[in-house]
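Residue strings, one per chain:
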Amino acid sequence: MCSVCIMSAAEIDGELPRDAPGVARGRGFRHRYLPFAYPALAITAAVIVFPWIFTIYMSLHDWKIGQRREFVGLSNFSRLAGDPRFLESIGHTLYFTALSVALPVAIGTAAALIFNERFPLRGLFRAIFILPMMATPVAVALVWTMMFHPQLGVLNYILTKFGLPPQLWVYSPETVIPSLVLVEVWHWTPLVMLIVLGGLASAPTEPYDSAKIDGASAWQMFRHITLPLILPFILVASVIRTIDALKAFDTIFVITQGGPGTASETINLFLYLQAFSFYNIGYASAVTIVFFVLIVLLAMVLLWLRQKAKWT
Amino acid sequence: MKSSKMDRRTFIQATAFGALAAPMLNVRSAYSQGGAFNWKRFSGQSIEVSLTLSPRGDLLRKHEREFTELTGIKVGSEIVPEQQHRQQAVIQFNSGNPQFDVITISWHVQKRLFGKSKWLVDMKPLLADASLTAPDYDFSDFTAGGLRWAVQGDGRMDTLPLNIDPWMIYWNKELFAAKGLAFPKTFEEIVMAAEKLTDKSAGQYGWVSRGLKNANVPVWTSFMLGHDMDPVNPKTIKLQTTTPEAIAAAEYYKKLNKEFAPPGTVGFNWNESQTSFSQGKIGMWLDGIGFAPPLEDPAKSRVVGKVGYGIMPAGPKARHSATFGDGIGVPVASKKKEAAYLYCQWATSKLMCARLLQSGGGSPCRGSAYSDKDVIAGLKLPREWLTCLQESTAIGRPGLPEISPVTEFRDVFGVGLTNMIGGADAKAELTKATEAFTPVLAKSEA
Chain W
1 MCSVCIMSAA EIDGELPRDA PGVARGRGFR HRYLPFAYPA LAITAAVIVF
51 PWIFTIYMSL HDWKIGQRRE FVGLSNFSRL AGDPRFLESI GHTLYFTALS
101 VALPVAIGTA AALIFNERFP LRGLFRAIFI LPMMATPVAV ALVWTMMFHP
151 QLGVLNYILT KFGLPPQLWV YSPETVIPSL VLVEVWHWTP LVMLIVLGGL
201 ASAPTEPYDS AKIDGASAWQ MFRHITLPLI LPFILVASVI RTIDALKAFD
251 TIFVITQGGP GTASETINLF LYLQAFSFYN IGYASAVTIV FFVLIVLLAM
301 VLLWLRQKAK WT
Chain B
1 MKSSKMDRRT FIQATAFGAL AAPMLNVRSA YSQGGAFNWK RFSGQSIEVS
51 LTLSPRGDLL RKHEREFTEL TGIKVGSEIV PEQQHRQQAV IQFNSGNPQF
101 DVITISWHVQ KRLFGKSKWL VDMKPLLADA SLTAPDYDFS DFTAGGLRWA
151 VQGDGRMDTL PLNIDPWMIY WNKELFAAKG LAFPKTFEEI VMAAEKLTDK
201 SAGQYGWVSR GLKNANVPVW TSFMLGHDMD PVNPKTIKLQ TTTPEAIAAA
251 EYYKKLNKEF APPGTVGFNW NESQTSFSQG KIGMWLDGIG FAPPLEDPAK
301 SRVVGKVGYG IMPAGPKARH SATFGDGIGV PVASKKKEAA YLYCQWATSK
351 LMCARLLQSG GGSPCRGSAY SDKDVIAGLK LPREWLTCLQ ESTAIGRPGL
401 PEISPVTEFR DVFGVGLTNM IGGADAKAEL TKATEAFTPV LAKSEA
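First to last, the protein sequences are chains W and B. With our numbering as the guide, the letters of the first sequence map in order to residues 1 to 312. With our numbering as the guide, the letters of the second sequence map in order to residues 1 to 446.
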């Protein structure tokens with residue numbers, strides 16, 4: 001309604017010819033309508049641009065709460081490059097992220113294929129399957145903490161009932177990251193399933209009919225029809241999972257606080273420690289910038305892959 | 001000859017003085033109403049109180065209505081988990097505009113930072129002000145240990161003593177009796193007892209203590225104090241963490257946690273340790289004295305009535321209990337300092353200290369709480385616990401260094417201690433941690 005009014009007014013002014021609405025708006029259009037964008041621009045500047053500029057500014061200072069602030073140039077970044085704990089945290093982050101993306105994507109895709117088929121009580125099972133996704137991450141982490149307890153946890157109880165040896169789960173440097181990934185898989189596989197299921201629902205049926213006529217096997221149909229059709233959706237799910245896994249904090253913090261020792265200390269945990277436990281604001285700001293660059297790079301790679309896999 | 005008539009200037013001055021003094025006179029008269037201390041002097045004001053999630057915080061919140069009835073001051077209290085509370089406080093103080101009028105602080109972590117930053121009001125002038133301090137507050141009743149913590153290096157007292165937490169050993173009398181053992185008197189005897197009590201095939205272990213980095217440092221310092229050594233020299237503020245005493249203490253830590261503690265101790269904080277001990281399969285647990293109530297609660301514990309409360313045994317050179325504690329203070333930035341101070345007074349009053357002791361949720365810093373027969377009669381925990389508390393307090397010594405970057409200290413050395421449980425060499429880990437922390441300490445003291 002409103003756009004119609006605007007168009008009519010503009011047309012009366014002779015500034016917006018119907019045949020070239022995007023080209024010939026001219027200076028008058030900009031002057032008249034740009035002020036409508038100012039509030040949004042101001043809010044964006046306040047909540048996004050200013051914090052970023054301030055973070056960059058802080059990263060160039062040696063600033064610890066309670067101490068004097070001193071300009072140090074890029075030395076926080078060079079210190080980061082030689083900080084073994086930070087470098088170790090990058091390794092932990094990538095390891096955690098790789099597992100936390102690959103497993104939910106694989107299991108979620110398999111689950112989507114199953115739930116795409118028709119079988120009795122499918123709706124009920126689907127609802128049960130997506131339940132974990134609705135739980136609050138901190139609550140999930142607290143429950144899993146109890147389950148992981150090496151003496152009293154239910155996981156070891158189940159293992160011993162099956163004659164398997166009890167495990168240390170998050171209480172061992174060797175198994176802590178896979179155990180944390182287990183929580184992620186349980187929590188976020190339903191999200192992947194829902195995205196891929198959406199892809200399956202929107203996929204055309206004609207290629208399958210042709211393939212059946214041509215005598216293709218189930219595997220061939222999956223390999224050459226289903227997979228290419230749902231690949232863009234899988235990649236969207238991968239992008240979302242990658243960003244989520246890179247950002248993972250609450251689960252790890254509640255369950256291990258980055259331990260044992262520093263065995264599950266990801267970049268986020270390292271950043272939190274520097275900023276809010278040690279109050280090294282300058283150094284933590286440098287970590288934030290490096291971390292941001294890392295996330296952007298990974299997201300760009302995944303988006304490029306998605307672009308390549310787009311339906312043509 | 002000077003005229004006795006009041007000139008215009010004198011009249012204006014007198015009027016101005018009168019106008020300024022009038023409210024003060026009103027306050028004075030309100031204060032001295034009936035000749036008794038007037039708790040209602042600031043009636044109608046509202047204060048915000050920032051507390052940590054602990055039995056102390058719960059107790060204060062539980063009874064805060066009594067404070068409102070006494071003073072007419074409304075209280076809005078917020079209880080925040082310890083770690084988040086510390087972080088939140090520093091950020092708010094640093095902003096220059098904290099959103100609370102009263103705050104509890106952990107001396108062992110925050111004292112030095114708060115003292116250097118002068119974020120809290122000096123209590124001494126307030127205590128000396130008879131119009132603000134109730135006559136029955138009885139400041140002389142506070143124990144020397146509590147006051148030592150409360151006073152800063154420059155002589156300011158920016159908190160009132162709230163609670164002291166000495167570390168001791170909880171021991172399972174039933175398991176000890178089954179092996180014919182008595183509670184150890186020395187560090188060596190701890191190791192021997194832990195070894196005899198450990199039967200891995202039966203899921204029984206002689207020892208449990210914190211292995212989680214950061215949380216585990218007081219366990220190590222508990223052994224260090226028995227070697228008459230502090231991790232940081234209190235006079236020179238230099239690290240003493242690679243001394244033979246520090247290494248020997250780390251060896252005790254490593255041996256007990258690696259060989260005689262349940263699997264997974266590397267990730268244990270106090271709560272996991274408590275859960276394990278309360279199942280009845282652990283011989284000894286070294287931790288703060290405030291964990292007795294859940295151990296004596298049949299709904300939460302399988303060791304009710306079987307717990308011994310042991311004072312930290314003697315080390316090769318000394319016998320000390322590592323102590324920690326909390327104080328309560330008023331931010332300099334508060335606009336309701338007097339009302340907030342009244343809250344602090346009430347929170348550290350004889351009545352509240354008695355309640356704290358009786359609940360077993362902490363050890364108050366007032367001598368009267370321990371000498372009052374009625375208070376002792378109402379104690380919900382065994383007398384042995386009280387004896388242990390009193391004797392541990394008597395041999396108390398700070399379990400963490402009084403430095404600003406104490407959290408970083410705990411983290412850096414905590415990682416080393418965790419690595420030791422995994423088998424790393426104690427000396428090498430302490431050397432590495434000392435090298436990493438030395439510049440941090442030097443910078444903080446610069």
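Note that these hints are calculated values from the structure, not bench results. Hints should not be assumed to be uniformly reliable.
[Claimed, not checked] No more than 20 angstroms apart at the CA atoms, straight line, and that leaves these computed lysine to aspartate or glutamate pairs for EDC-like:
1) B:Lys281 with B:Asp228
2) B:Lys116 with W:Glu88
3) B:Lys443 with W:Asp62
4) B:Lys443 with W:Glu174
5) B:Lys173 with B:Asp138
6) B:Lys74 with B:Glu338
7) B:Lys258 with W:Glu174
8) B:Lys432 with W:Glu70
9) B:Lys432 with W:Asp62
10) B:Lys380 with B:Glu251
11) B:Lys443 with W:Glu88
12) B:Lys373 with B:Asp138
13) B:Lys350 with B:Glu69
14) B:Lys116 with W:Glu174
15) B:Lys235 with B:Glu259
Here the structure is a predicted model, which is why all the values come from computation and not from measurement.
| Are the Cα positions of B:Lys350 and B:Glu69 separated by 20 angstroms at most? | holds (18 angstroms)
| Agreement of B:Lys281 and B:Asp228 with the hint, judged by alpha carbon distance not exceeding 20 angstroms | Roughly 32 angstroms between the alpha carbons, so the hint for B:Lys281 and B:Asp228 is violated.
| Hint consistency between B:Lys432 and W:Asp62 [alpha-carbon to alpha-carbon, up to 20 angstroms] | violated (24 angstroms)
| 20 angstroms Cα cutoff - pair B:Lys380, B:Glu251 | Not OK: B:Lys380 and B:Glu251 at ~37 angstroms, beyond 20 angstroms, violated.
| message | B:Lys116 and W:Glu88 were given as a pair; does the straight-line alpha-carbon distance stay at or below 20 angstroms? | response | violated (34 angstroms)
| query | Given the proposed pairing of B:Lys373 with B:Asp138, does the C-alpha separation stay at or below 20 angstroms? | reply | Within the cut-off at roughly 18 angstroms; holds.
| request: Decide if the proposed pair is consistent with the structure: B:Lys443 and W:Glu174, CA atoms, cutoff 20 angstroms inclusive. | output: violated (35 angstroms)
| Taken at face value, is the distance from the CA of B:Glu259 to the CA of B:Lys235 at most 20 angstroms? | Cα-Cα ~36 angstroms, so violated.
| task | Quickly compare the C-alpha distance for B:Lys116 and W:Glu174 to 20 angstroms and report which way the hint goes. | result | violated (42 angstroms)
| task | Verify the proposed pairing of B:Lys74 with B:Glu338, using a straight-line Cα cut of 20 angstroms. | result | Given pair B:Lys74, B:Glu338 holds - Cα atoms ~13 angstroms apart, limit 20 angstroms.
| message | Checking one constraint from the list: CA of B:Lys432 to CA of W:Glu70, max 20 angstroms. Satisfied? | response | violated (28 angstroms)
| message | With the threshold set at 20 angstroms, check whether the alpha-carbon distance from B:Lys443 to W:Asp62 stays at or below it. | response | Distance ~11 angstroms between B:Lys443 and W:Asp62 Cα, so the pair holds.
Checked against the numbered hints given earlier, the structure breaks hints 1, 2, 4, 5, 8, 9, 10, 11, 14 and 15 and satisfies all the rest.
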